[in-house]
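Given chain A, put chain B in place with the hints provided.
Chain by chain, the residues run as shown.
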Amino acid sequence: MRQVVHIFRKEFSAYFVSPIAYIVISIFLLITGWFFFTTFFLFNQANLRTFYTLLPVVFAFVIPAITMRLISEELNIGSDEILLTMPVTYGDVIIGKFLASVALIIAMLIPTLAYPLTVSFMGQLDWGPVVGGYVGAVFMGAAFSGVGLFASALTRNQIIAFIIGLAICFTLTLIDKMLFFLPQSLLGVFSYLGADFHFQNIAKGIIDSRDILYFISVCFVGLFGAHLALNQKY
Amino acid sequence: MIQVENLTKYYSHLCAVDQINLDIQRGEIMGLLGPNGAGKTTTLRMLTGFLQPSSGSINIKGLSIDKHVLEIKKLLGYLPESAPLYHDMLVFDYLKYVAAIRAIDRDQKLPRIRQLADLCGINEVMSKPIGELSKGYKQRVGLAHAMMNDPEVLVLDEPTSGLDPNQIVEIRKIIKEIGKEKTIIISTHILSEAEATCDRIVIINQGKIVADGSTENLKQSASGKNIMHLCLQNVDFKTVEANLSKLDGVESVSRMKQTDSELDVRLTYRSTGDLRPDVYRIIKDTDWILLDFHQETQTLENIFRELTKEN
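Those protein sequences? They're chains A and B, same order as listed.
Under the numbering used here, the first residue of the first sequence carries the number 14, and numbering increases by one thereafter.
Under the numbering used here, the first residue of the second sequence carries the number 18, and numbering increases by one thereafter.
The shape of chain A in the complex, shown without the other chains (with noise of 0.2 angstroms):
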C-alpha cells in the first residue's frame, strides 16, 4: 500500500512538471466554458444542464489523453524493467497511476466550480443536482480512467493508447444513443452498458447505486485487463 503512495505521488507530479497537465486543463476548460456559457443566456435558467450534458463526451476525448502515457511510455523508453525490479507489485503500479489520474481530473473539475458559483449569482441555483454532477463526474473520470489504463497496458506507443482508449471511451459514451439500431430485447442491456445514460441519472441529483455500481465495475474491468496486459506482457 505504501508503494501506491510513492507511485501515484510521482505520477501526480510527473503531471505538473511536464506540460500534460496544464495542456489538458486548459483545453478542458476552454471546450466545456465555451459550449456551457454560449447556450446559458438562451436556454435562461440557473441550472448546468448543458454543462453536464456535454461532459461525457469531452470526458472521452480527455481522459484517454490522460491517461495514454501512463504504461506505454515506461514500456517504451524500458523503465518497466526498472520499476519492475524495484519491490512493487503490477497492482501497486496500476493503481498507482490509476489514482494519480484521478486525481488530475479532480484537479481539472475544480476550476469549473466558477460555472455553479456564476450562476447562483445570477438565480436560484438547486444545489443538489450540481452535487450530484460533481459526484458523477469523478465517478465516471474513474471509469474512463480505468479504461485509459487498459488502453496505455496494451501498447508501448501512445498515440495507439490514445486512440484504443477514445473509441471504449466513445462508444460506451454513445451506446444508449445507439438504441434505434437494436431490437427491442437487447434495449434494457445496452442502455444499462451507456456511461452517459447512468452519468445523467446522477446528475439529475438521484444517486442510485445502480449508476455508482456501472462505474465502479467499468473501472474494475479496466484495471483488471491492465493487470492481465502486464501479467501477459512479462
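Calculated from the structure, these hints are not laboratory results.
Be aware that a few hints might be false.
[Stated by the list, open to error] BS3-like mimics (lysine-lysine), calculated; alpha carbons at most 25 angstroms apart, straight line: (1) Lys113(B) x Lys152(B); (2) Lys225(B) x Lys246(A); (3) Lys152(B) x Lys193(B); (4) Lys246(A) x Lys84(B); (5) Lys199(B) x Lys84(B); (6) Lys199(B) x Lys91(B); (7) Lys113(B) x Lys145(B); (8) Lys263(B) x Lys274(B); (9) Lys246(A) x Lys91(B).
[As the list claims (entries may be wrong)] Chain A side only, calculated, beta carbon under 8 angstroms to chain B, not exhaustive: (10) Lys23; (11) Val30; (12) Thr98; (13) Val101.
[As the list claims (entries may be wrong)] Cβ pair distances, simulated, as ranges: (14) Leu126(A) x Tyr27(B): 49 to 59 angstroms; (15) Ser39(A) x Tyr28(B): 40 to 50 angstroms; (16) Phe109(B) x Ile36(A): 20 to 30 angstroms; (17) Phe109(B) x Phe194(A): 52 to 62 angstroms; (18) Ile44(A) x Lys145(B): 34 to 44 angstroms; (19) Asn244(A) x Gln125(B): 29 to 39 angstroms; (20) Gln42(B) x Asn244(A): 27 to 37 angstroms; (21) Leu241(A) x Glu141(B): 39 to 49 angstroms.
None of these values were measured; they are calculated from a predicted model.
The beta-carbon is built from N, C-alpha and C at its ideal position, and this holds for glycine as well.
This is chain B only, laid out in the frame that chain A set:
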C-alpha cells in the same frame, strides 16, 4: 546464495535461455559473458524477477522466486542495460523516489543519496533532468539507483558501456569494493573487464552455458591444445615436419611462411606438459638455425571465440 536450476525461457518459439544451471556463492563476483543475443540479458531479467521463466527454478537466499518475488526484489539491486530512466525527472527527485520505494527511513534518505552521489560521481548533475544527461552520467545514475538499498545481490547489465576509460576504472574499483561483501553478477562482452573484475566467469552461447570457472581455470582447460611458433633457417619444411611429428602429442606441423632464407612453422600439440624442452633438444641435435621460438598463450579472447563460434 543463488541457485538456478534448469532455467529456460522461450519467446514464443525462440528458445532464449536453455536449461541453465548456476550456483553462485556469497561474495562472488560473477561475469556473464557471451556474444550478442546469447541470452545474457534474459537470464538477468529472470534472476531479478522482471521476466517469468518458462520453466526451471530460481532460489535466492532460500527464497523461491515463484512465491517470494517481493522479498527477493528487496534483496536485489539491478541496473538494466543502457539504464532506461525517466527522462523528465530531475536526478535528485528520481533518487528520492527510488529511496521512497526502497523504503529507506525518512531521516536516512538524504544522507544515503548524498553518499551514493559521491560514490558514483553525480554531484554536479543532481539538479538536471535525466533526459539531458550524457550516456555515462545516465549509467552512473542507474548505478546509484541499483545500490540505493545497499543490496545483498547486485546485478549489473553491461555497467561500463558508454563510460570513458577513467570512469570504467572507477566503476571497476567500486565493483571490486562492493564485491568484498556482496554478491555481484555482471554481464559484459568486454573480456578484459571480466578478466579484471570477476572471480568467476560463465560464458553462454545460444542460451546454454559453454564454460564456467575462474579465468585461470578456463585458460587451463582450454589450453589442452597448445600452439608453438618456430622461425628457422638452413632447413626445408619436409625435414622439420618429419622431425617434429615424431614427438608425443603433436597434432600438426604447418608451414606459415617461407622466404629464401627463413621458414615459419606452426606446431599444434595436445599435451598437459610442456613440449618446449623436447623441441629444443631436437633442434640442438641438428644444424638448423633457430631465429625465433615462442608458445602462444591462450587469452580469454581466444577461448571466448573458440567456444562461441557459429557452427
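Numbers of unmet hints, in rising order: Every hint satisfied by this model.
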